[in-house]
Structures are given as C-alpha cells and as structure tokens.
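Chain residues, written in single-letter form:
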Amino acid sequence: MKFGLFYELSVPRPWTRESERTVYDNALEQVKLADELGFDQVWAVEHHFLEEYSHCPAPELFLTACAMVTRRIRVGHGIIVCVPEFNHPIKIAERTAVLDILSGGRLEVGTGRSATWTELAGFNASPDITKKSWDEFVRCLPKMWTSEKYSYEGEFWSMPSRTILPKVYQRPHPPLWVAVTSPGTELDSADRGMGSLGLTFGQFAEQEKRIAEYRRRIQLCNPVGEFVNDQVSTVNFLYCHEDDAIGVTRGRQMANAFNYLASQLTSVREVYPGKSYPSLGLLPQLRRQATGPDASEQAGEGLALGGPERITRALKRWESVGVDRVNFLLNAMEIIPQAELLESLRLFAREVMPAFAETKPAVAGGSR
Amino acid sequence: MPLSGHLDVAPIASRLPVLKDLDTPAWPLPHAEVLQLAWEVSDDTLALLPRAMHPAVPSYATVCVTCYSESPIGPFNVALVRLMGRAGAHPRGYVLGAIASTPDAVRALRERWGFPAELGSVALMRYHDQIRAAVTRRGEAILEAALVNPEPISGADVQYIHSVTLARLEDGERTGPLLVQVDPHYTFHKAERGRPKLYRFERDAWNAGPLTPLHPIAASFTACDTDLPQIRFVMDADVPVAQGTRKIR
Chain A
33 MKFGLFYELS VPRPWTRESE RTVYDNALEQ VKLADELGFD QVWAVEHHFL
83 EEYSHCPAPE LFLTACAMVT RRIRVGHGII VCVPEFNHPI KIAERTAVLD
133 ILSGGRLEVG TGRSATWTEL AGFNASPDIT KKSWDEFVRC LPKMWTSEKY
183 SYEGEFWSMP SRTILPKVYQ RPHPPLWVAV TSPGTELDSA DRGMGSLGLT
233 FGQFAEQEKR IAEYRRRIQL CNPVGEFVND QVSTVNFLYC HEDDAIGVTR
283 GRQMANAFNY LASQLTSVRE VYPGKSYPSL GLLPQLRRQA TGPDASEQAG
333 EGLALGGPER ITRALKRWES VGVDRVNFLL NAMEIIPQAE LLESLRLFAR
383 EVMPAFAETK PAVAGGSR
Chain B
185 MPLSGHLDVA PIASRLPVLK DLDTPAWPLP HAEVLQLAWE VSDDTLALLP
235 RAMHPAVPSY ATVCVTCYSE SPIGPFNVAL VRLMGRAGAH PRGYVLGAIA
285 STPDAVRALR ERWGFPAELG SVALMRYHDQ IRAAVTRRGE AILEAALVNP
335 EPISGADVQY IHSVTLARLE DGERTGPLLV QVDPHYTFHK AERGRPKLYR
385 FERDAWNAGP LTPLHPIAAS FTACDTDLPQ IRFVMDADVP VAQGTRKIR
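In the order they appear, the protein sequences are chains A and B.
Counting in this note's numbering, the first sequence runs from 33 upward without gaps.
Counting in this note's numbering, the second sequence runs from 185 upward without gaps.
Chain A on its own, in the form it takes in the complex (with noise of 0.2 Å):
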C-alpha cells in the first residue's frame, strides 16, 4: 500500500493578506517533509469559487512549487476539470506535460467534471453535458501527449493539425485517473482503463463491492491511453499521536471541521434536477457525519484518526478490501497547528508506515 497528501487547501476567515501565503507555505513544507518521509505521491484538486473549504484553483502551479522542493514523491493534479469552459483540452496537454517534465516525469493526471453548482455556473458550464465533455476529454488527451502532429473534431472541441509541444517526460505518458465519488463512477474508470481515484470516506463493506466490481470490470477494459492503470486509491484524514486518545480528538476535530465545510458547498443535485448528477457525490455521508450534537461521536468507519496502532489496524483494513493507495487529508481550516501536523507524519512514517510492504509499483504501466 502507497501513502500520499491530498490538499484542498482550506483557508479559514477572516482573510487577511497573509492567511492564504501562509496555508500554501505550510503545505509546502509538509510536503517536503513527506518526500523525506518516504510517502508516494501529493495531489492537489482544482477548485474555484469554494469560500473556506478550498482556496486551490491552480493546482498545476502549486504542484510545481512541490516537485520544485522535493526528490522522490510523486505529484498527482486531481483532478483536472474536463469541462470546456474551465479548461481547454490542448491547455491541458501542454500544461500537464510541462509539469511532468519539471517533476522529472512524477506527474499524475486525475480527471473529473466537478459537482457543484459554485463552480459550475461560475464558469456558465452546464451541468447537462459534463460528463460527456469529461469522456471526450480523456480519450483525447493521451493521443495529445504522444502523437506528433495532432487534430481532431468533436462535440466539445475541435483543432486542425498542430505539433502540441512539449511532449511528457514519461513514457508512453503519466498515469490517468478518474475522480470517483458518484456511485457507478469507479465503472467508468474501470471500461476505460483508468485509475478509481475515490474521493469519499465510505466504509468498508460497501468499497469492498465497489472495487471488487472496478477489478472485474477493468479486465476486459477499452484503455483510453497506451496502458492500463488498475490502481484503486481513497481518500482518508489523518492525524497520528503516541496518545491515541488526543489523536482521536484532534483528529476528529479536524476531520468535522473539513465536513461542516464541505458540507456548505451548494451541489449540482441540491439546485438543478437532471441525470447528469444524480447522486449528491460525497456530500451525504459528510452531512451524517458533520451534523447535529451527535457529531462528534461519529469518528467514522477507517479513518487514521488516534494512535499508530488504531491507524495501523484501520488502514490493514483498507488494504484487505483491495484499496493500494491512501491519500491524506492533513488539515482543515488550519485547525491542526503546523508543528503538531509534522510531527505527526514524523511519527506516521516511523511507526505505521513499516507495517505496510510494497506490493504493487507506484507507476502502473508507465516509466520514467
């Protein structure tokens, strides 16, 4: 099982001049440490618009910072918006194939449509068409990173033959990845070869089904790039202490204060009925979970909440229903100050990370 970072960069109010600096610059420094450490991979997600809960619009830029002042780790951009009026498909190439080669070919490209009405209407997109633009999209952009000349018409796009330039450092291309949160969305990644880049906290009988299918499934996959990518990764909190208890605690903390702010985000599904959208994606559970004087006794099922040993049995957990990535969730609203989130990776990486051996390449299919 591989171990990584996943930021949405939460900035709490008040907003001062500094307040979003130094949430960047906390997160840099967590993930050097974490390339020291020996964790696999850092994502960043694309958001806009999203008061709080993510200050991360530009992940691309911020992932460059991270491969600027780090070795070894892996840089996931998860995911990038495959709607035509937040990105242009050939932007995409370039800008993905940029990064890989200033990571010296680390890169990790996560797809994905986004769910909420915040961000959509934002950009006028409608939520009627995304996951088709996000399906012309993907089968698009492995062709854009390894043809040499290139051209193409379609629903959502069109070009004439142009040399996209630069090419990426991997070879044949990076890893691709769909942001699954959506139940059936992990069947998607599944037919066309892609990664389950899981984005909810479910629990563990129901991903159990869930991957079990993704596996089945992804044998007699359609690969939309050059390999298959049969990775399945999850999200999950963490926050290690040698006192389980405080680790418990603080973590819970953290952990309900991220769900009370997602939680606020206004859903596709809450405003405009359609197929497109039909489940509200991760925002049930977090409702559950975040909601009413109960709250705080809902640690929720799996999380890397406590102690190295409770982390330790929670992620064995994880990897016995077929899970070989877990991305973490360091911090919301800053609640976890600086020094205590690092000495917290500091004790992660020494005393639970041992306990997992390598089973599986970082790389699915694709070389540096």
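Simulated from the structure, these hints should not be mistaken for laboratory data.
Computed from a predicted structure; not experimentally measured.
Heads up, some of the hints might be wrong.
[As the list claims (entries may be wrong)] Derived pair list, reagent style PhoX-like, types lysine-lysine, alpha-carbon separation capped at 25 Å: (1) Lys181/A x Lys199/A; (2) Lys307/A x Lys374/B; (3) Lys123/A x Lys241/A; (4) Lys164/A x Lys175/A; (5) Lys348/A x Lys241/A; (6) Lys307/A x Lys381/B.
Got chain A sorted already, so can you dock chain B onto it with the hints?
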C-alpha cells in the same frame, strides 16, 4: 467558520406566527402539483437569515408554488419565497414570505407550521410551452414567474430542500421565538424541468428586503403525493444548530 445570518429576531418577535404547541398532526396531501423556480440572488441577504443558519454559496432563493387539490380543509394553493441556506450541515430553505389562497389555509399554515402566511390569490397555469404562476395580495400582483420550455425528467432527479419557518411558540415555559423544520415527503408521478423566468417580484410583499433575483438556475414542475408533516425538529434562531436543535419526535 462559514458566514452566518444576521437577523435580529427580537424586534420582530411580536409579529411572528404563533404556535400553541408542537403537536401538529400531519396532513396527507395527495395529487399535488409543485412549481419551483430558483435564482441566484444578490449577496446582501445575510440580514434576512437567522443567526443559526449559514448562507448558501452562492446565495440563492426559490419560489415554490403548490396546488393542493386535496387536503383536510379542502383545495388550496400556496406560494412561498425562500432564502436558501444551511442549518448546520443541512441545506434548508428559510421561508421569507407565504401567500395562501383560502383563509383556512392561512390560519392552518401559521398556527400549525409557522409559515408567515397571508391571504391572496395564487394561480398556476399549465401550458405546453411554459408553466406560469401568478400571485396577488390585496388585489396587487406581487409575483409573476414561469418555467419556460418544460422537458420531461424523472421524478428521481428532483430533490426538494426542506423548509424552515420562524415562529413564536406560546407554550408555558417554552414560550419564545424558534425555527421550525418543515420536511414533507414526496412521491413523484411526473416531473419536468425548464428555465425560470421572472416577470414580476415585489420583494417587500415577500419580506425579502434587499433580495434581488439575478442569475437563473433551474425550474421544475412535478405532480406528486406529499404532506405537511408532524414537527420533528425545532431550533433556537440565534445559536448554531449543533447547540440549539431540539428533537420533538
């Protein structure tokens, strides 16, 4: 923490709908039709929202016009204007104004669920190219709006956000203002979606202060069986719901 509302309840407490108790029985309401229209609205609405609630981001409001063809008090129509927000982590629509089409409906909505209902005319006109609503109060038009270009969708695609009303409970030691959650059930038989269009909105008539509808979001029209339910939760209007929520049943 997310932003919270700024509404000072004390100055308006004496004008709030009065509940004698929280033992409101449920009303089954079969064969209803619901037109809901949503717009993003101006950002200056925090003063309308109770302190217990967070604003939606972006701020948005809904107009909800319902024809109840069968009820314990006979047929009636209701129009609501709601400022949408969050009660803790849950999406909720705070009811700013309500117009009901019969005196019995006005009385019941005020006394049983705390809706700030007033008497008026509420009309719902179903055409093939649009579904139109018109509301008057004291003979003056205060709302004209439509769902334009309706297209069929599945009822499973529709989600109605529960309402929150602000009322005054007069029940011995528990007397005082409170927020009442009104959370109907829905069984959908037909659903359509279209674009909302607003022809007239007299915001003062809806207690909507500076609220200005700006960017259209979506409109839906459904045929459904629904209800006005028993009261399950009430909340203190001035403190976060995590501390101020009381479960009634």
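Hint check results:
1. Note on Lys181/A and Lys199/A: the hinted pairing holds, with a Cα-Cα distance of about 11 Å set against a maximum of 25 Å.
2. Taken as a hint, the Lys307/A and Lys374/B pair is honoured in the structure, with Cα atoms around 15 Å apart against an allowance of 25 Å.
3. Between the alpha carbons of Lys123/A and Lys241/A the distance comes to roughly 37 Å, so the proposed pair goes past 25 Å and is violated.
4. Taking the CA atoms of Lys164/A and Lys175/A, the gap is about 18 Å. The hint holds against a cut of 25 Å.
5. Distance restraint check for Lys348/A and Lys241/A: the Cα-Cα separation of roughly 17 Å lies within the 25 Å cut-off, and the hinted pair is therefore satisfied.
6. Under the criterion of a C-alpha separation no larger than 25 Å, the hint pairing Lys307/A with Lys381/B is consistent with the structure, at around 22 Å.
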